[in-house]
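*Asks:* These protein sequences, in sequence, are chains U and W.
Under this note's numbering, the letters of the first sequence match residues 111 to 409, in that order.
Under this note's numbering, the letters of the second sequence match residues 111 to 409, in that order.
Hints are computed from structural coordinates only; laboratory data are not their basis.
Some hints here could point you the wrong way.
A pair counts as met if it fits within one copy or between any two copies, since identical chains are not told apart.
[Said to hold, decoys possible] Derived lysine to aspartate or glutamate pairs resembling EDC-like cross-links, with alpha carbons at most 20 Å apart: (1) K386 x E325; (2) K353 x E205; (3) K353 x E248; (4) K353 x D135; (5) K353 x E164; (6) K353 x E282; (7) K353 x D246.
So you can see what is in the structure, the chains are spelled out below.
There are 2 protein chains.
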Amino acid sequence: MQTEAELLYAGVDGGGTRCRALLADARGRHIGAGIAGSANAFQDARQARISVTEAVLRALSDAGLPSRRISSVVAGVGLAGVNIRSAFERMIEWEHPFRDMQLTTDIEIACLGAHGGASGGVVVVGTGSAGCALVDGEWHSLGGYGFPFADKCSGAWFGLEAVRAVLLDFDELGPGTSLRTLLRDETGGGPLELVEFMSAAPPARFASLAPLVIEAAEDGDTVARGILDEGCAYLSDLILRLKAFGAPSVALVGGLSRRLSSRISADAAACVVEAKRAAEHGALLLAMSASTMSASKTN
Amino acid sequence: MQTEAELLYAGVDGGGTRCRALLADARGRHIGAGIAGSANAFQDARQARISVTEAVLRALSDAGLPSRRISSVVAGVGLAGVNIRSAFERMIEWEHPFRDMQLTTDIEIACLGAHGGASGGVVVVGTGSAGCALVDGEWHSLGGYGFPFADKCSGAWFGLEAVRAVLLDFDELGPGTSLRTLLRDETGGGPLELVEFMSAAPPARFASLAPLVIEAAEDGDTVARGILDEGCAYLSDLILRLKAFGAPSVALVGGLSRRLSSRISADAAACVVEAKRAAEHGALLLAMSASTMSASKTN
Chain U
111 MQTEAELLYA GVDGGGTRCR ALLADARGRH IGAGIAGSAN AFQDARQARI
161 SVTEAVLRAL SDAGLPSRRI SSVVAGVGLA GVNIRSAFER MIEWEHPFRD
211 MQLTTDIEIA CLGAHGGASG GVVVVGTGSA GCALVDGEWH SLGGYGFPFA
261 DKCSGAWFGL EAVRAVLLDF DELGPGTSLR TLLRDETGGG PLELVEFMSA
311 APPARFASLA PLVIEAAEDG DTVARGILDE GCAYLSDLIL RLKAFGAPSV
361 ALVGGLSRRL SSRISADAAA CVVEAKRAAE HGALLLAMSA STMSASKTN
Chain W
111 MQTEAELLYA GVDGGGTRCR ALLADARGRH IGAGIAGSAN AFQDARQARI
161 SVTEAVLRAL SDAGLPSRRI SSVVAGVGLA GVNIRSAFER MIEWEHPFRD
211 MQLTTDIEIA CLGAHGGASG GVVVVGTGSA GCALVDGEWH SLGGYGFPFA
261 DKCSGAWFGL EAVRAVLLDF DELGPGTSLR TLLRDETGGG PLELVEFMSA
311 APPARFASLA PLVIEAAEDG DTVARGILDE GCAYLSDLIL RLKAFGAPSV
361 ALVGGLSRRL SSRISADAAA CVVEAKRAAE HGALLLAMSA STMSASKTN
């Protein structure tokens with residue numbers, strides 16, 4: 111029989127590439143961490159379940175605890191894709207191995223982590239892009255609709271715009287761009303080789319081209335500069351919209367955040383703060399804030 | 111044993127949605143026609159093989175001929191997707207049921223049909239978009255690289271740009287557009303319902319939104335007008351590039367051609383002519399032009 115003192119907490123941050131778990135004891139002290147594979151609930155709910163479980167099992171192992179202790183874990187889980195209702199429902203229906211599970215989006219736990227659970231906003235620019243703000247206990251969400259129709263200024267968006275521009279250049283139906291040579295070095299050929307390489311490519315493969323766009327823009331390429339400027343104008347607007355919801359400040363996080371933070375507008379930059387903690391810490395806050403309720407419910 | 115007089119010819123036009131076959135006797139008289147399902151060799155080479163075979167079998171049946179006569183058929187086949195080398199090779203490796211098969215792209219047979227095999231250009235604007243020209247026996251090709259990175263001014267491109275614009279409007283991070291209401295009527299909800307409906311949608315589903323964009327533009331919606339103008343500017347440039355290769359005239363064909371032909375630039379419009387015949391007629395020309403060679407090869 112379990113007692114409250116034996117409870118464990120896990121904060122889980124699941125994205126399209128990796129899933130990270132942070133384990134804490136009943137008093138909230140960090141005792142282990144684990145990493146597993148992709149966990150986008152909309153793209154593949156089954157894989158997301160596997161990755162969440164694996165990341166927590168690895169964190170248990172890291173803490174020197176046996177796998178069976180997973181049944182003592184109150185998990186706070188933030189996953190990419192659960193903003194889509196059907197994906198959320200597929201995850202909620204899961205007969206998970208935890209004592210309890212709190213589920214929300216990867217963006218919301220990033221926001222909780224960035225501001226330690228206090229009011230504030232976050233913008234994530236990595237493979238995808240999205241923003242949200244917690245203001246007086248209420249959530250506001252922007253973007254995060256996914257590839258190929260949204261996630262402007264994300265890595266995947268930079269890659270898609272680059273491929274679009276290069277194909278127009280190959281046909282001499284768009285302005286010349288050094289991206290053509292840069293992408294040829296990646297994909298090794300003409301337009302048809304590029305298309306074959308990128309066809310049905312996951313967002314991450316498009317995102318792998320993003321650094322080329324930023325470098326070409328820095329080297330003065332007009333087309334790349336146009337893409338970068340358009341992306342950063344959107345990013346600035348996104349930050350200011352979160353501010354307008356009442357967020358005292360906005361943290362800019364994700365793989366592209368460092369390279370883009372110097373390119374946003376001055377009024378957007380004035381709102382930006384460093385994130386206090388990473389998303390898995392936000393997920394841990396979610397787990398711990400829910401624990402009293404869950405303990406009373408399941409004991 | 112077969113004799114030359116017993117030869118049959120089939121012209122086959124295979125696209126992402128349908129595959130059409132036109133059957134002719136040894137003297138080139140049309141004796142039957144057949145339609146089967148999708149035949150995009152890049153998306154699904156196996157399905158393309160099935161659809162090509164079915165369309166020809168139906169044309170044989172339509173002509174009152176038994177299925178076994180398929181072995182007498184010299185087939186000229188134009189397929190979407192065979193501009194990609196790997197797709198072309200998968201089709202060429204096929205142990206097809208025909209006496210002989212000549213394979214090229216759906217765009218080239220459209221061009222052969224449009225100009226009766228003479229020099230000229232063609233631009234196809236349907237679910238996808240592409241152009242090519244035959245000038246003094248030499249082929250020139252533009253576009254046709256596919257969704258989501260190319261095929262500007264195609265139905266799928268109009269749909270993608272509409273979804274992009276509507277998602278920005280939902281977030282109030284882009285200009286307001288009546289497309290938001292029009293798409294809600296199609297997909298029934300807010301941005302997340304729209305994303306769920308369109309996620310992993312085939313190009314044809316994006317293309318189904320194209321008429322909404324054109325209607326909204328005609329009704330004065332600024333965003334829709336911007337998309338339509340950008341598409342038609344590309345279309346005009348595409349026509350003029352084919353003209354610059356030396357094409358005496360350019361035929362504009364495909365499901366969107368009638369709605370877009372009045373919107374191209376005056377200098378582009380001056381090059382445009384009506385297509386003489388449909389793509390399957392071009393494929394039949396391909397089959398018949400190859401027949402002497404194939405007969406001597408296979409007899």
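*Asks:* If you check each hint against the structure, which ones fail?
*Replies:* Violated hints (numbers, rising): 1, 2, 4, 5; every other hint is consistent with the structure.
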